[in-house]
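Undergrad: Chain by chain, the residues:
2 protein chains.
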Amino acid sequence: MSRKTTCLALSGGVGGAKLALGLAHCLEPTELTIAANIGDDFEHLGLTICPDIDTLTYTLSGVSNQQLGWGRAGDTPTFMHALKELGGETWFHLGDGDLALHVARSHRLRLGESLSQITADVSQKLGIAARILPASDDRVRTIVQTAAGPLPLQHYFVRDQCAPEVSGFIYEGAESARVNPEILDTLASPSLSAVIICPSNPYISIDPMLSMPELTQALKRCPAPIVAVSPIVGGQSLKGPTAKMMQELGAEVSAVTVARHFTDFIDGFILDPADAKLESAVRAEGINCHMTPSVMKSLDDRVHLAKETFEFATSMR
Amino acid sequence: MSRKTTCLALSGGVGGAKLALGLAHCLEPTELTIAANIGDDFEHLGLTICPDIDTLTYTLSGVSNQQLGWGRAGDTPTFMHALKELGGETWFHLGDGDLALHVARSHRLRLGESLSQITADVSQKLGIAARILPASDDRVRTIVQTAAGPLPLQHYFVRDQCAPEVSGFIYEGAESARVNPEILDTLASPSLSAVIICPSNPYISIDPMLSMPELTQALKRCPAPIVAVSPIVGGQSLKGPTAKMMQELGAEVSAVTVARHFTDFIDGFILDPADAKLESAVRAEGINCHMTPSVMKSLDDRVHLAKETFEFATSMR
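Sequence order for the protein chains is A and B. Heads up: the first sequence is residues -10 to 306, going by this note's numbering. Heads up: the second sequence is residues -10 to 306, going by this note's numbering.
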């Protein structure tokens, strides 16, 4: 299949995957490439688990659990019940069907396949036309620095339910990780119309990617417009601990903080009407603004926001 | 817990586990030790799967699927369905609950725990009072020599459903494998009252253990009586390919063939009344005979055969 990518989205899990799904609906399938965060990948029970890649995969293939936003619809908990009986670690829920992906992937990784090869094959098997690219085939792992000491991301996020106070982040391996060459090719391609930073947590979903120096350089050099969508609307997280983290890091809990976070390379920023009063502060950063509802409840919301974001970006070419 | 083993059973999977369950019912729990075949263990999807240990574990803990004889009762197939969707290998069925044991064990083995430590811990978690000992913590793997070439046991047994014609067996690793020291201690113990060879396939369930020279020597030196129960009754396999293998190997399909197979070290042999006519042929091998029904359909059958076998053995002390 010859690819003519016109849109590259950078995405974490649940929130980002909503916009990615919207983009998949309003672009030709082969026009969409998604760079997926790998900073929250982890090894658990001897399995390599890639929550953001999997959420994107399940969301775009239509098998996702729409109530939770992650995992598979109609999945069963028999594995977890039996694991508990055996005294195994049960803080991270693995549905029986979800487990197939973790077991198959872990096996293939051990046999020497790359994460991107496996991800592409899984996408193909599940009928996903868009391209999901792990940000790197090398290992990058987010460590959350907290009042309780440094915690691997999933321990902070799932086991400790984001309770410990956050003081910073380390992205282990990022300095030397090579960015997925398909992402770099896409960013340098003259056919690229837009780059979209999905409404994912900047610190744990986007920064693990940006902490690879090659990627930040490529974004700065990228000829296509780059637009970010805020995961903070009306001073609150749409999902997860973004607002809590911002507060603990001493930043204003506001979409402006998100815009400033990406100020080095974004050209445009989506503001929800609830944040209309922030427009001048964003513009003061030299960033264009486009006002459109950015809380995605329905599929229509996802498609609408995707269309508005993509068109806003291409209008700046 | 101080152990006073009075009975050591050598067992494969389904058939052997039936008698082991009978023994667990008619002895004090701590009096029973079971040496489990490891020759059909294999690596699949990156998991270490130990079918005979697991069948014993599930049977003795009461969670087994009694229709199948293997796996867990009430298990779900969600993992297999999802694996198929991903294009994974589906010839070996892994129930969702069963998978918990494989995942947990594989992880612990990679962390450096021994198979016997893990097996003991799982037994304890599932409330099994009898002691299940993997025949070795080293790797022994049965290879079936067939007209279609050499096949790892599970490929022959499950994937190819025992169709290829068998010409022999190789027990990879057996020459250098060290027998589980607890089995050797048990065999040398003055408190041991009986050794029972369960009605398991001699070639693929018992021989992988006997192919470890240390074990055969220990059986020959063992002061306690050794009694075998035939998996061939009335010229037919009670389960699985034992009869088919015997025929293909050019042996008579008969309990006598089983008795002769173990003639070097057994003192007694259980004959089903259906095989009454074989008694003189068995006695001609210098082996004592005891006649009792040995087809186990109900739990009562299992307990009855266990009691008869144990008492027959101890009567020869």
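Calculated directly from the structure, the hints in this document are not laboratory data. A couple of the hints might just be wrong.
The list makes no distinction among identical chains, and a pair is therefore deemed to hold if it is satisfied within one copy or across any two copies.
Said to hold, decoys possible - Pairs of lysine to aspartate or glutamate residues, derived as DMTMM-like cross-links and limited to a Cα-Cα distance of at most 25 Å, are as follows: (1) K296 / D110; (2) K114 / E171; (3) K209 / D253; (4) K296 / E32; (5) K114 / D127; (6) K233 / E154; (7) K73 / E32.
Undergrad: State for each hint whether it applies.
TA: Going down the list of hints, with the structure as the test:
{"no.": "1", "hint": "K296 / D110", "in the structure": "neither (28 Å within a copy, 56 Å between copies)"}
{"no.": "2", "hint": "K114 / E171", "in the structure": "within (20 Å within a copy, 48 Å between copies)"}
{"no.": "3", "hint": "K209 / D253", "in the structure": "within (7 Å within a copy, 80 Å between copies)"}
{"no.": "4", "hint": "K296 / E32", "in the structure": "neither (37 Å within a copy, 48 Å between copies)"}
{"no.": "5", "hint": "K114 / D127", "in the structure": "within (24 Å within a copy, 38 Å between copies)"}
{"no.": "6", "hint": "K233 / E154", "in the structure": "within (9 Å within a copy, 67 Å between copies)"}
{"no.": "7", "hint": "K73 / E32", "in the structure": "both (18 Å within a copy, 23 Å between copies)"}
The structure shown violates the earlier hints numbered 1, 4.
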